[in-house]
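Undergrad: Here is what each chain is made of, one letter per residue.
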Amino acid sequence: MNAFEWLGMLMRAAKTMVVLAGLGLALAGCATPPPASDPEGLAEFKQTNDPLEPANRVMYEVNTGLDTMILRPLAIGYTWAVPSFLRTRVHNVLSNLNSPVLLANDIMQTKPRRAGDTLMRFLINSTIGLGGMFDVADGWGYPYHDADFGETLALWGVSEGPYLFLPILGPGNPRDTSGYGVDIALDPLTWEPGGSVGWDIGYARYGATLVDTRAGLMGTLDKATEQALDPYATVRSLYRQHRQSEIDAVAADTRATTPAWYATPASH
Amino acid sequence: MDMLTRRTLLTATFASAALLAFAGLPRMGHAQAANAAAAFVDQTGKDLLAVVNGAGSAADKQARLRQIVDRAVDVDEVGRFCLGRFWRVATPEQQKQYLELFHQVLLKNISGKLGDYQGVTFAVGRALAKDGGVSVATVVTRPNSAPANVDWVVSTASGSPRIVDVVAEGTSLRLTQRSDYASYLSQHNSSVPALLDAMRQQLAQPG
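Residue numbers (our numbering), protein chains in the order written: chain A, 1 to 268; chain B, 1 to 207.
Hints are supplied without guarantee of correctness; some may be wrong.
What the hints assert, rightly or not - Straight-line distance between alpha carbons at most 25 Å, and here's what the computed DMTMM-like set of lysine to aspartate or glutamate pairs gives:
#, chain 1, residue 1, chain 2, residue 2
1, A, Lys223, B, Glu77
2, B, Lys108, B, Asp60
3, A, Lys223, B, Asp116
4, B, Lys113, A, Asp222
5, A, Lys223, B, Asp60
6, B, Lys130, A, Asp248
7, B, Lys108, A, Asp222
Hints in this document: simulated from the structure, not taken from any laboratory.
With the hints as extra help, turn the sequences into a complete structure.
TA: Structure below.
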């Protein structure tokens, strides 16, 4: 069995888990809000905005199981076997492949400077950066930023909706999770004609992205959940806060369309 | 002089006395407070890194860490914040036990991370006034990882500058801790003693 087949199998196993988790959702039902006699508890319940909490907790357990059995060992093995220099190259290539999606979102967010950064990064890093392995553009004044369709929807005024935890995809909400689907559709690399080789490459890329992301989260996420009394609630809080800060950062990026180095014509 | 005038006069006297006292206080301007907070964060960070990268046994480092935390962090204030609405539900005895446990858990969590801080550098950026305190931005760089934006919220409510929150990449440590405790309590019949027991168990775990 080669690595592609193996990853394909992994994905099929993951899909089965998602179906099982869906079953769990149907069985677990909804959270019961505190009675009206407890106004503070009720306010907290509304603020937490997690009406599917029992189902989400089942999904969280499923995901933790998948993580402990598959993803985390893979990430540990990857970190152990591959030197940091190479891991950074892999991370950069994967991140560069995502540039078309970033660019589309930058444009839909009507952030021309961010779109310019993404475009320049893609052009510079794909060529001089040897297929994205080296982030040359960062040193040239085009720093990396992330963008996704959930963020775009947020800037368009769509609210996040209730908290949603899905296996593999992790923490989210209707807005960000459907945004993730749109991002996949926006990705030119998913438009290829398919066939078994095409799918294998697609799976390999997603598999590699999962492992790369997990390896990157190794210290932070593990410490945070280890030190929590209720890891589920801690992840929920961390996700929401981090997401909001990302959205705030895009909204606050109001750099002028004309860069500082561009000579403005003398007024007369 | 009738009653009403006398009362008005008294009130006016008190008011002006209070105003005078207020104006006479050594009050700092916004810019000054921000600069002081930034200098405080810079010094505290340097102190912490001196312990992390310095020589000494683990126990020795832990003791020095405790000194820095006690001096630089308003642990009681953070603890009260993290218990949220349950602070008022707790009895004075439970409040006392809780703050003691909170203090120990905080120290344990920080000292558990000491190894991760090896080789860390940081740069202090701008400081901004923010809800009754000053938020000092820093960029923390760890070897082999991307630089992280960490904001330190400094309050001067207790007289001297004390840290009341750390916001790492947009996530507030005290908000996250509060939601952890709140969720634990909602899963355990809002029982404060259950939370205290869980905290004791946390302390008993090796690490």
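Undergrad: Between the alpha carbons of B/Lys130 and A/Asp248, is the straight-line distance 25 Å or under?
TA: With Cα atoms ~16 Å apart, B/Lys130 and A/Asp248 stay inside 25 Å; holds.
Undergrad: Quick one, are B/Lys108 and B/Asp60 close enough, alpha carbons at most 25 Å?
TA: holds, 14 Å
Undergrad: Regarding the pair B/Lys113 and A/Asp222, is the alpha-carbon distance no greater than 25 Å?
TA: Holds, at about 12 Å.
Undergrad: Hey, B/Lys108 versus A/Asp222, does the alpha-carbon distance stay inside 25 Å?
TA: holds, 16 Å
Undergrad: Need the status of pair A/Lys223, B/Glu77: alpha-carbon distance at most 25 Å?
TA: With Cα atoms ~24 Å apart, A/Lys223 and B/Glu77 stay inside 25 Å; holds.
Undergrad: Please verify whether A/Lys223 and B/Asp60 have alpha carbons no more than 25 Å apart.
TA: Judged against 25 Å, a Cα distance of about 23 Å means the pair holds.
Undergrad: If you draw a straight line from the CA of A/Lys223 to the CA of B/Asp116, is it 25 Å or shorter?
TA: holds, 11 Å
Every hint from the earlier list agrees with this structure, and none is contradicted.
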